[in-house]
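As you go down the protein sequences, you meet chains P and W in turn. Under this note's numbering, the residue at position 64 of the first sequence is numbered 66, and the numbers go up by one with no gaps. Under this note's numbering, the residue at position 185 of the second sequence is numbered 206, and the numbers go up by one with no gaps.
Note that these hints are calculated values from the structure, not bench results. Source: prediction; values computed, not measured. Think of the CB as a built atom: it goes at the ideal place given N, C-alpha and C, for glycine as much as any other residue. Hints should not be assumed to be uniformly reliable.
Stated by the list, open to error - Incomplete in silico selection of chain W near chain P, CB under 8 Å: (1) Leu31; (2) Pro56; (3) Ser159; (4) Gln196; (5) Tyr225; (6) Val227; (7) Glu233; (8) Val235.
Unchecked claim - Label-pair restraints from in silico Cβ distances: (9) Thr34/P x Pro259/W: 40 to 46 Å; (10) Arg169/W x Arg51/P: 30 to 36 Å; (11) Glu67/W x Ser52/P: 29 to 35 Å; (12) Arg51/P x Glu84/W: 29 to 35 Å; (13) Arg45/W x Ala72/P: 35 to 41 Å; (14) Arg51/P x His168/W: 52 to 58 Å; (15) Leu202/W x Gly54/P: 40 to 46 Å; (16) Gly64/W x Glu30/P: 22 to 28 Å; (17) Ala95/W x Lys35/P: 47 to 53 Å; (18) Ala95/W x Glu28/P: 43 to 49 Å; (19) Glu38/W x Gln21/P: 16 to 22 Å.
To be verified - Residues of chain P clear of chain W, computed beta-carbon distances all greater than 12 Å: (20) Ala20; (21) Asp31; (22) Ala33; (23) Thr34; (24) Gly44; (25) Pro47; (26) Glu48; (27) Arg51; (28) Ser52.
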Amino acid sequence: MPDLRGNLTLAEVLLDLAQQPERLLELEDTATKEQKIALLEGWYPEYFRSAGRSTFVEDNIRQIRVIIEADYEASPGHTIRIMSVYITF
Amino acid sequence: MTVVGTGIRLATQLTPEARAAIERADEMLHVAADPLASTWLDGLHEHARSLTPLYDSGGPRLEIYSRMADEIVAPARAGRRVCAAFYGNPGVFSRPGHTAIRRARAEGIPARMLPAVSAQDCLVADLGVDPGDHGWLSYDATDFLLHRRPIDAACALVLWQIGVVGETGAVTDPQYRHLDLVAERLAAVFGTDHEVVVYEASPYPVASAMVERVRIANLPSAPMTPLATLYVPPATAPSVDGEVAVRLGVAPPS
Numbered sequence: 003m004p005d006l007r008g009n010l011t012l013a014e015v016l017l018d019l020a021q022q023p024e025r026l027l028e029l030e031d032t033a034t035k036e037q038k039i040a041l042l043e044g045w046y047p048e049y050f051r052s053a054g055r056s057t058f059v060e061d062n063i064r065q066i067r068v069i070i071e072a073d074y075e076a077s078p079g080h081t082i083r084i085m086s087v088y089i090t091f
Numbered sequence: 022m023t024v025v026g027t028g029i030r031l032a033t034q035l036t037p038e039a040r041a042a043i044e045r046a047d048e049m050l051h052v053a054a055d056p057l058a059s060t061w062l063d064g065l066h067e068h069a070r071s072l073t074p075l076y077d078s079g080g081p082r083l084e085i086y087s088r089m090a091d092e093i094v095a096p097a098r099a100g101r102r103v104c105a106a107f108y109g110n111p112g113v114f115s116r117p118g119h120t121a122i123r124r125a126r127a128e129g130i131p132a133r134m135l136p137a138v139s140a141q142d143c144l145v146a147d148l149g150v151d152p153g154d155h156g157w158l159s160y161d162a163t164d165f166l167l168h169r170r171p172i173d174a175a176c177a178l179v180l181w182q183i184g185v186v187g188e189t190g191a192v193t194d195p196q197y198r199h200l201d202l203v204a205e206r207l208a209a210v211f212g213t214d215h216e217v218v219v220y221e222a223s224p225y226p227v228a229s230a231m232v233e234r235v236r237i238a239n240l241p242s243a244p245m246t247p248l249a250t251l252y253v254p255p256a257t258a259p260s261v262d263g264e265v266a267v268r269l270g271v272a273p274p275s
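This is chain W alone, in the form it adopts within the complex (with noise of 0.2 Å):
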């Protein structure tokens, strides 16, 4: 059993490894982000079968992505090569593709996940930014508001999820509520006038990646779509601890 991510962008970020892992499939799985993908996806193999319709049950979650694991085991179980492809990375911010595996592997299928292209890979590359220069905090949105998560202003922070910021089901039309709850958060350490990116990679090959730039204390009204992502950008230079800059051996900055 093989699960693969296609990537964000439609057909062009899937690797070979994966397109490999769909072909040798007897049954391919496949959950897109929208009904283009989803076409696409159809394409690729003889036996394809998307595993959206789950959603439309309308059930708890947790249960929703329970089934789609059982949907992907049960080929398997019966001796059958199953690939299942997920949009993005098959491991972030999708819960089936792990579920899958670690079940698969209990009852003693082989089971591998294959690393894919992220919103957060694509992200970086669009907006020029690199985890390495500041540190990288990276929060599901809600998460971040109901468990109080530390930030720090010195270090980047991406917030996923932002434009279903309190969403406990599945939605067809977000109602982008709560970002005023964001941005009080982010003002208390960031300041109001901080300047943050609402992004969302671009799926369509004929069209750039939606970057708005807003400060803290317009988020409530930025521009918004269910797939946004927000990049807050660090404000402050971190401070040094010298003792452990002594301990290093290394010079702090003058």
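Next comes chain P alone, as it looks inside the complex (with noise of 0.2 Å):
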């Protein structure tokens, strides 16, 4: 896992949330972005205290990888992953 350093990292977060169903079919049966952030809110204060919204509001894969490879490269011992291409030729 990323050093803490005293506060939830976004990685943290999602591995948290992707192994609570019960809170992800709350989050799919919850109608607005803004009522799905607020629910996210309450379950992870510690992050949204230093992290802001910005990371839910975007909802944007690229930008959500973007983060939690920061968030790896600045925790000891982890490197960024290289991308493997499947060769058929």
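Quick one: dock chain against chain with the hints and give me the complex.
Quick look at the structure:
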């Protein structure tokens, strides 16, 4: 896991959330993006206090990937994984 | 020995039988698409180990796949229960799992692969398309160009690894080159105005899939990611073979 450095990282939030099906279902059943963010803010106040809401407002896998890779880059012993290419020729 | 897939979306697409195979194993080896998934997989088993460092050697890809298969088979040869987990479907665009199973069986070691959710399965769900509606051609993007694979304007087309066309090795930062060659080839059959979809299934529980709709003419400058897939919907209706329709006893559409 990344170094906590006193704050939750986005990677840790997503990892925790992904393993809580009841929370995922609750998010699915929530109508607006603003309400979804409010739910997330209630579950992970520590993350939102340090990182703000922008990650979830954008809801963009490219942006989330950049943040996660930065989290890992900042933690000791972790490197960014290289892209695997399947070779067919 | 069991080879399983983890699906695309973090932690949520692992099937119960795959999870059971992981839990029953003495050793668990894995290849994930990103560090977050790798962290999750490390937490699933006391003796989990990532095989992705094998990519770091930078050697020929086929040799790397072969070494991955060796790593998977070796503990099974010693009588240990092994589970190898790959992201997506372990048998789709993933050679080491197939190779490991063939080698294990050749040595009399029981081995099986469990099916899992692939990027294509996510594409079907997210785009609301059905391979049964128009037929479905599916190629690796480089293979498609290099071998001039046949395409049909009346049939849907999926091009995997569109973000790494022409890449022959591991990459950290794809350059998205050669998309002009793909566009050129597609335009000849579908036309430059035909709309296609640059797609990537979301690996994260809070984010939607990437769905970028662009005309073929604009494909070279389309938003792209390393794991993107291109979906090309059919542009025309299929023609009916009247003679076959008669022999089948089905009425051709008027």
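Quick rundown of the hints versus the structure:
1. With 8 Å as the threshold, the beta carbon of Leu31/W comes within range of chain P, its nearest partner Cβ sitting at about 4 Å, so the hint holds.
2. At about 5 Å, the closest approach between the beta carbon of Pro56/W and any beta carbon in chain P falls short of 8 Å, and the interface hint on this residue holds.
3. Evaluation of the Ser159/W hint against chain P yields a violated restraint, the C-beta minimum of about 12 Å exceeding 8 Å.
4. Violation of the interface hint for Gln196/W is found here, the shortest Cβ-Cβ separation to chain P being roughly 12 Å, above the 8 Å cut-off.
5. For Tyr225/W, the suggested interface contact is upheld, since its CB lies about 5 Å from the closest CB of chain P, less than 8 Å.
6. Interface restraint check for Val227/W: the shortest CB-CB distance to chain P comes to about 6 Å, inside 8 Å, so the restraint holds.
7. Here the hint on Glu233/W is broken, as its CB sits about 11 Å from the closest CB of chain P, past 8 Å.
8. With a cut of 8 Å, the hint placing Val235/W at the interface with chain P is violated, because the nearest CB-to-CB distance is about 16 Å.
9. Here the CB-CB span from Thr34/P to Pro259/W is close to 42 Å, well matched to the stated 40 to 46 Å.
10. Separation of Arg169/W from Arg51/P is about 56 Å and departs from the stated range, judged on CB atoms against 30 to 36 Å.
11. In this structure the hint that Glu67/W and Ser52/P lie 29 to 35 Å apart at CB holds, the actual value being about 32 Å.
12. Range check, Arg51/P to Glu84/W: Cβ separation about 48 Å, and the 29 to 35 Å hint is violated.
13. Take Arg45/W and Ala72/P: their Cβ atoms lie about 37 Å apart, and the range 35 to 41 Å holds.
14. Between Arg51/P and His168/W the beta carbons are some 54 Å apart, a value that agrees with the proposed interval 52 to 58 Å.
15. Against the hinted window of 40 to 46 Å, the Cβ-Cβ separation of Leu202/W and Gly54/P comes to about 42 Å, which satisfies the hint.
16. Gly64/W and Glu30/P have their C-beta atoms about 24 Å apart, which keeps the hinted 22 to 28 Å range intact.
17. Separated by about 49 Å at the C-beta atoms, Ala95/W and Lys35/P satisfy the suggested range of 47 to 53 Å.
18. For Ala95/W paired with Glu28/P, a C-beta distance near 44 Å keeps the hint of 43 to 49 Å intact.
19. Range check, Glu38/W to Gln21/P: Cβ separation about 18 Å, and the 16 to 22 Å hint holds.
20. Under the 12 Å C-beta cut-off, the non-interface status given to Ala20/P relative to chain W is violated; the minimum distance is some 4 Å.
21. With a cut of 12 Å on Cβ distances, Asp31/P stays outside the contact zone with chain W, its closest approach being about 14 Å.
22. The beta carbon of Ala33/P is kept farther than 12 Å from every beta carbon of chain W, the shortest such distance being approximately 15 Å.
23. Remark: the non-interface label on Thr34/P is consistent with the geometry, its nearest Cβ contact in chain W lying 14 Å away (cut-off 12 Å).
24. The claim that Gly44/P lies off the interface holds: its Cβ sits roughly 14 Å from the closest Cβ of chain W, which is beyond the 12 Å cut-off.
25. The claim that Pro47/P lies off the interface holds: its Cβ sits roughly 16 Å from the closest Cβ of chain W, which is beyond the 12 Å cut-off.
26. With a cut of 12 Å on Cβ distances, Glu48/P stays outside the contact zone with chain W, its closest approach being about 16 Å.
27. Chain W leaves Arg51/P outside its interface by the beta-carbon criterion, the shortest separation being 18 Å against a cut-off of 12 Å.
28. Listed as a non-interface residue, Ser52/P keeps its Cβ farther than 12 Å from every Cβ of chain W; the least gap is roughly 17 Å.
Going down the numbered hints, you'll see the structure goes against 3, 4, 7, 8, 10, 12 and 20, while the others check out.
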